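Given the coordinates of chain D, work out where chain U with the ligands should sit on it, guided by the hints.
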Amino acid sequence: MLRNRLGKWLLSWPPLVYLTLFFLIPTTIMFVAAFRNPGDYGGLAPMYNIEDGKLVWDLTLDNFSRLVEEPLYFELFLKSIGYAGLTTLLCVLLAYPLAWLIATTHKKWRDLLLLMVILPFWSNFLIRIYAWMIILGPQSAFTKAVNWVVTGLGFEPIQLLFTPIAVMIGMVYVHLPFMVLPLYANLEKHDMALLDAAQDLGASAWQRFWKITWPLSLPGVFAGSALVFIPALGMFAIPDILGGTDSILIGNLIKQQILDTRDWPFGSVLSIVLTGGVLLIAGLGALVARKGAKRG
Amino acid sequence: MALLEINNVVKRFGDFTAVNNVSLSVEAGEFFTLLGPSGCGKTTLLRMLAGFEQPDSGAILLDGKDVSQVPPEKRPVHTVFQSYALFPHMTVRQNIAFPLKMAGWDAKKIETQVDELLEDVRLTQFGQRFPHELSGGQRQRVAIARALVDRPRVLLLDEPLSALDAKLREQMQIELINLQKEVGITFVYVTHDQGEALALSHRIAVMSHGQVEQLDIPERIYSHPKNRFVADFIGQCNVLEGTVKAVDGATMTVDLKGCGTVKCQSVPNAKPGQAGWLALRPEKIKLDKELGRHDDEAHFKGRVHDCLYLGDVTIYMVEVAEGVIIEAMLPNNIPGVAKFFDDNDVVEVAWRFDAGSFLTE
Ligand SMILES: Nc1ncnc2c1ncn2[C@@H]1O[C@H](COP(=O)(O)OP(=O)(O)OP(=O)(O)O)[C@@H](O)[C@H]1O
Ligand SMILES: [Mg+2]
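So the sequences go chain by chain: D and U. Reminder that position 231 of the first sequence reads as 243 in my numbering, one-by-one numbering, no gaps. Reminder that position 142 of the second sequence reads as 147 in my numbering, one-by-one numbering, no gaps.
It should be emphasised that the hints constitute simulated quantities derived from the structure, not laboratory data. Please note that the accuracy of each hint is not assured.
[Said to hold, decoys possible] To spell it out: a stretch of chain D is covered by chain U in this simulated footprint if at least three of its residues, at any positions, have a beta carbon under 8 Å from a beta carbon of chain U; those stretches are: (1) 200-212; (2) 224-230.
[To be verified] Example chain U residues on the side facing chain D (calculated, C-beta under 7 Å, incomplete): (3) Ala55; (4) Pro77; (5) Glu78; (6) His83; (7) Thr84; (8) Phe86; (9) Ser88; (10) Ala90; (11) His94; (12) Phe103; (13) Pro104; (14) Met107; (15) Ala108.
None of the values given here were measured: they were computed from a predicted structure. Glycine included, C-beta positions come from ideal geometry on N, C-alpha and C.
Next up, chain D with everything else stripped away, as it sits in the complex (with noise of 0.2 Å):
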């Protein structure tokens, strides 16, 4: 008894001295200068001045009445949010075949689709952003691919590099490993049996999935709706790369903050509206999912 919970402590010190050092203390530090002033030459004014031997707090709610104040923050929300919501879906879209695919296939080729998945992983994240920045160039055969069905339809040529569209390629191209495996995860267990139950119940192809498999691969969905869903939110990189100036997100907005402006306390504030946006959303979400679970 006391060994066991001598062994539980030493094994949970480590992630909780990790957790505290990079996720309590920052995010505190964060959340402090949020109600601070910049300073004169960027990043952050004294927290409290000594005056006449007494000390004076310099603190302030300014940063938030500015967010408020301007619409254009609470839009780039919205977009940054529908970007997200958009990847997110798309994400699905396309790693619920594959996925679905993945978990069926014979054992001896599962392991080489996986590893397929995987295999983005091995290089850097912002080599393979570059690498689209060429795929998605005017002179690319694909972008030329695209155009000449573009124009066959009879509609002025476009341009892919620099839009939204780019962004939204590359945005799902980074996050669809991360809908695959849980998805794949989930997936792999289905019990076979309960399609040919229901087959033999009545149940056409369409009727199957609907009622069994898509219910029971909720749990996968959310899964992977959560881990793409809540770095896309955030995500500044393939907008700054693919994105075009109209492409910008909230992201690139905090970035510029507190590296360009080095307004730091301004920075926080959009920050900690991000976290408590994506706490919020993942909050409904699991509320959500707990009650499909308990409804069936």
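Below, chain U with the ligands without anything else, positioned relative to chain D:
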């Protein structure tokens, strides 16, 4: 016309023949059982009836129409799977309502029909439970209710009781018999448990290696096995090698290897000199310290070689000649006596000429 007719059905997997030229017919309202050892092709045959496999040749007729190419969802035939295959994300009610929903019944009719089925399988209080909240026997009943709810023409059951413990299995057997009588739907039941087959069925097809060895009512399968395989597979059986010596109308004499001649019922086409086996059920053999001699009985002296005490009965292995052992079974039906004989006791065995049957294959 029989409800279900299977004509010369063959099914191969690669170069392995799982079902080899099976023909049989099942009457409306019948409780029909496919019985055979593991791997003999029972499930394969059942899956062809359900539509999950297509026969390589032969025909499956339902109500006189060939259905062998009709997909499972279009056949008026349902299956109770060995694993039950209940939908884990649906309540008992939703599970049972599933086939009705698929068939597009309206909600009101579904409710009343599901209520009726819940009552039939005595699960009225469990409608809102999920499958994982039920016991094995209750899950079993849900699976049966779900497969019966839209009154299929035939219900296929693949070893539905094999996951239950012995006590529950017996209870479920009785329930199955009653349910089948009540709903009047034709059951095709697969099992490798001969006791279960004998207890439940109107008729049994004994299968081995993809073929039907014997098709008959339980009583005849047990008392008149057609060949050595059936005799061995169904219950305990003495199989004694012998040669026909003379045929005399309804009876004939057989020279049992190592023991001498005995009389037995003659079989069609038996000729003197024909080799075969005498199949004798252990409970049809008399055994005592001394037995009176009768004309119509075979009679041997022997020594108890081994005995198997089973509680209600004891099986005695009696050596009647060098290397020839006959199993006899006696009920332990005398109060105060655990069993009648011990190893090495000298005893006599006897059986009437019509106690066994002579097998030529
Ligand atoms: N899809 C398949 N591919 C290849 N061989 C198969 C396939 N299905 C069944 N078999 C083979 O066909 C034979 C009969 O199988 P089947 O499942 O019908 O046996 P069974 O009588 O139901 O046995 P059990 O009592 O063990 O369930 C077995 O030898 C099995 O290995
Ligand atoms: Mg089987």
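How the hints compare with the structure:
Residues of the stretch 200-212 of chain D with a Cβ under 8 Å from some Cβ of chain U number 8, which satisfies the need for three, so the listed coverage holds. For the stretch 224-230 of chain D, the proposed coverage by chain U is satisfied: 3 residues have a C-beta within less than 8 Å of a C-beta in that chain, meeting the threshold of three. At about 6 Å, the closest approach between the beta carbon of U/Ala55 and any beta carbon in chain D falls short of 7 Å, and the interface hint on this residue holds. Interface hint at U/Pro77: satisfied, since its Cβ lies 5 Å from the closest Cβ of chain D, which is below the 7 Å cut-off.
The beta carbon of U/Glu78 is positioned within 7 Å of a beta carbon in chain D (closest approach about 5 Å), and the interface hint is therefore held. The interface hint given for U/His83 is met, as the beta carbon of that residue sits about 6 Å from the closest beta carbon of chain D, less than 7 Å. The interface hint given for U/Thr84 holds, since its Cβ lies 5 Å from the closest Cβ of chain D, which is under the 7 Å cut-off. Because the beta carbon of U/Phe86 sits about 6 Å from the nearest beta carbon in chain D, less than 7 Å, this interface hint is met.
Given hint, U/Ser88 at the interface with chain D, holds; its Cβ is 5 Å from that chain's nearest Cβ, closer than 7 Å. Given hint, U/Ala90 at the interface with chain D, holds; its Cβ is 4 Å from that chain's nearest Cβ, closer than 7 Å. Evaluation of the U/His94 hint against chain D yields a held restraint, the C-beta minimum of about 5 Å falling below 7 Å. Nearest Cβ of chain D to the Cβ of U/Phe103: about 6 Å, under the 7 Å cut. The hint holds.
Given the 7 Å rule on beta carbons, the hint for U/Pro104 holds: about 4 Å separates it from the nearest Cβ of chain D. Contact between U/Met107 and chain D, as hinted, is supported at the beta carbon level, the nearest pair being about 4 Å apart and thus within 7 Å. A hinted interface residue such as U/Ala108 counts as satisfied when its beta carbon comes closer than 7 Å to some beta carbon of chain D; here the least separation is about 6 Å, so the hint holds.
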